[in-house]
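Visitor: Residue numbers (numbering that gives the first Met the number 0), protein chains in the order written: chain A, 0 to 257; chain B, 0 to 261.
There could be a bad hint or two in this list.
Facing chain B, a subset of chain A residues (Cβ under 7 Å, in silico) [claimed, not checked]:
id	residue
1	Ser53
2	Ser92
3	Glu125
4	Asp128
5	Leu133
6	Ser134
7	Pro137
8	Thr173
List time: in silico EDC-like cross-link candidates among lysine to aspartate or glutamate, alpha-carbon distance up to 20 Å [unchecked claim]:
id	chain 1	residue 1	chain 2	residue 2
9	A	Lys139	B	Asp30
10	B	Lys233	B	Glu252
11	B	Lys192	B	Glu147
12	A	Lys222	B	Asp100
13	B	Lys192	B	Glu129
14	A	Lys139	B	Glu106
15	B	Lys72	B	Glu14
16	A	Lys139	B	Glu83
17	B	Lys260	B	Glu236
18	B	Lys103	A	Asp128
19	B	Lys82	B	Asp100
20	B	Lys66	B	Glu129
21	A	Lys139	B	Asp100
22	B	Lys61	B	Asp30
23	B	Lys82	B	Asp142
24	B	Lys103	B	Glu147
25	B	Lys61	A	Asp128
26	B	Lys35	B	Glu17
27	B	Lys192	B	Glu223
28	B	Lys195	B	Glu223
29	B	Lys217	B	Asp231
30	B	Lys121	B	Glu147
31	B	Lys82	A	Asp128
32	B	Lys66	B	Asp30
A short, non-exhaustive set of chain B residues, derived as facing chain A with CB atoms under 7 Å [to be verified]:
id	residue
33	Ser87
34	Gln88
35	Phe99
These aren't lab readings, by the way, just hints derived from the structure by calculation.
The beta carbon of each residue, even a glycine, is placed where N, CA and C say it ideally should be.
Below, each chain spelled out in residue letters.
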Amino acid sequence: MLNFLRTIGRYFLAFLNATGAFFLFAFISVSHCFRPPFYFRQWGRQFFEIGYLSLPVVGLTAIFTGMVLVLQSYTGFSRFSAESSIATVVVLSMTRELGPVLAGLMVAGRIGASIAAEIGTMRVTEQIDALSTLSTNPFKYLIVPRLWAGVIMLPLLVLTADAIGVFGGYLVATYKLGFNAAIYINQTFTYLKAEDVNSGLIKAAVFGFIITLSGSYAGFNSKGGAQGVGAATTSAVVSASILILICNYLLTAILFGT
Amino acid sequence: MSQKISSPIEKIRLEGLEKSFGTKTVLTGVDLVLNKGESLVVIGGSGSGKSVLLKCILGLLKPTSGKIFIDGKDIFSLSNSEKEASISQIGMLFQGGALFDSLKVWENVAFGLRQRFGTPAKEARNIALEKLNAVGLSESVADLMPSELSGGMQKRVGLARAIATNPAILFFDEPTTGLDPIMRTVIDSLIVKCVKDLGAAAITITHDLTSAYHIADKIAMLYEGKIIWLGDSKGIEKSKNPYLNQFIHGSMEGPIPVNIKP
Ligand SMILES: Nc1ncnc2c1ncn2[C@@H]1O[C@H](COP(=O)(O)OP(=O)(O)OP(=O)(O)O)[C@@H](O)[C@H]1O
Ligand SMILES: [Mg+2]
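Looking at chain A on its own, in the form it has when it is part of the complex (with noise of 0.2 Å):
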């Protein structure tokens, strides 16, 4: 019994431990963001890789979202002639819920485990020990710039994602389930509020730091070889996964809580 309660207490101080590392290690991650000197080469690095390049990924997610609701709610709302609810449906899942969710989950299995691998392998082959005896910050140099990347991106994606998510449902719409186009599109946007597409974008910017945070605090602590690499890549993905679906829930309950 005492073993037992022991075994929980060393799991719970661990927990504990690696909580507050991460709290520190964003703390400190985020006063370095706003203290120069700034790397704007190392900036358009990372808004190249973390935005322009995920752009494939997220939009091919976001026209199969849109495409597949339309699909789904048709089937539902059909059955008590609801048919003119549909591109509401649509237009606000996605704008409120799916854009920033999918987008999210999408960046951080793509983003969150390169950040990692490569601040990781930096890590043990002292790079990042380098970088300090070259009168480098590592913050400054390597995660102030993922974290605005992050940032600002995130939301700029999820309004593509939005944007490309909308017309895949009217697609499906008009060309196989035969509605009207011109009422297809003033039924998407006579219910639609900019609190709805403000409310993701919000989300969408607290993911992009979640996404960046994970990724560079696994890869920034990551130990012994390719294998910590690994286990690094593997945390980051977990982490910034989990982060968000919380984060997600929390920030829903906030934005639109009475």
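Knowing the structure of chain A, use the given hints to seat chain B with the ligands on it.
Guide: Here is chain B with the ligands on its own, set in the frame of chain A:
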């Protein structure tokens, strides 16, 4: 000693430096003084903590206890920016090279110049080419990526990067491991030149005793976390220290245990 005109200027002083990782103790009390224009070679068995010693001085590892003085200032009592300034005058060659694999060779060498002094790209490139020449690499490698070089070439690029800013203190972690005999002599002479011409203070870690004799003003042997012997290269042959004797002759018999099963 009496003819010496100027008294030596102290660059680095270590007092009772200890470092352990968890329960594993690596350094158990290192005391050391390094003066300007002096070249110290540290020898010692694999895993004896030579690299850890350098990393402690560089602030990359936090010592468990003990003091580190650079230019007479205790670096743990300095503010962050003062500490950075103290440490930034150290040029370091890492044991594994630690070249930035996303940057070209010349950008690696010029990195410190651009970061520390804001040297414009063109000028920094010229200095980088000059330093690459000094380590026996031609201009043609400047635009390659580090992964396109051989191990020995990477090591030399790392060396060029370490000396690029003409730092006042130089740390070389096994600079000649993996080099051919001729290159080894070239690099040894380069290190001597850095110390003599630029008046730098240098600590070199090496397993190669020929190099050690060539480079060193002083040789220190690290064993079980302490410096157990310190002297010049003439003294090393005459020394009666059984640990040192066993080590330099590479003998299996002696006080240093060799943990292999027969
Ligand atoms: N970051 C670390 N975490 C835990 N242990 C470490 C760490 N760095 C070094 N050590 C341990 O410290 C000891 C000394 O390592 P160090 O790299 O200084 O050896 P060394 O004298 O440079 O050996 P070599 O000549 O093989 O390079 C080793 O036993 C190593 O396992
Ligand atoms: Mg070593």
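Visitor: If a hint holds in the structure, say so; if it doesn't, say that too.
Guide: Hint-by-hint comparison with the structure:
no.: 1; hint: Ser53; in the structure: violated, 19 Å
no.: 2; hint: Ser92; in the structure: violated, 40 Å
no.: 3; hint: Glu125; in the structure: holds, 4 Å
no.: 4; hint: Asp128; in the structure: holds, 5 Å
no.: 5; hint: Leu133; in the structure: holds, 4 Å
no.: 6; hint: Ser134; in the structure: holds, 4 Å
no.: 7; hint: Pro137; in the structure: violated, 11 Å
no.: 8; hint: Thr173; in the structure: violated, 47 Å
no.: 9; hint: Lys139(A) x Asp30(B); in the structure: violated, 35 Å
no.: 10; hint: Lys233(B) x Glu252(B); in the structure: violated, 23 Å
no.: 11; hint: Lys192(B) x Glu147(B); in the structure: violated, 29 Å
no.: 12; hint: Lys222(A) x Asp100(B); in the structure: holds, 18 Å
no.: 13; hint: Lys192(B) x Glu129(B); in the structure: holds, 15 Å
no.: 14; hint: Lys139(A) x Glu106(B); in the structure: holds, 18 Å
no.: 15; hint: Lys72(B) x Glu14(B); in the structure: holds, 12 Å
no.: 16; hint: Lys139(A) x Glu83(B); in the structure: holds, 14 Å
no.: 17; hint: Lys260(B) x Glu236(B); in the structure: violated, 30 Å
no.: 18; hint: Lys103(B) x Asp128(A); in the structure: holds, 19 Å
no.: 19; hint: Lys82(B) x Asp100(B); in the structure: violated, 28 Å
no.: 20; hint: Lys66(B) x Glu129(B); in the structure: violated, 37 Å
no.: 21; hint: Lys139(A) x Asp100(B); in the structure: holds, 18 Å
no.: 22; hint: Lys61(B) x Asp30(B); in the structure: holds, 16 Å
no.: 23; hint: Lys82(B) x Asp142(B); in the structure: violated, 34 Å
no.: 24; hint: Lys103(B) x Glu147(B); in the structure: holds, 10 Å
no.: 25; hint: Lys61(B) x Asp128(A); in the structure: holds, 13 Å
no.: 26; hint: Lys35(B) x Glu17(B); in the structure: violated, 24 Å
no.: 27; hint: Lys192(B) x Glu223(B); in the structure: violated, 32 Å
no.: 28; hint: Lys195(B) x Glu223(B); in the structure: violated, 32 Å
no.: 29; hint: Lys217(B) x Asp231(B); in the structure: holds, 4 Å
no.: 30; hint: Lys121(B) x Glu147(B); in the structure: violated, 23 Å
no.: 31; hint: Lys82(B) x Asp128(A); in the structure: holds, 16 Å
no.: 32; hint: Lys66(B) x Asp30(B); in the structure: holds, 9 Å
no.: 33; hint: Ser87; in the structure: holds, 5 Å
no.: 34; hint: Gln88; in the structure: violated, 10 Å
no.: 35; hint: Phe99; in the structure: holds, 6 Å
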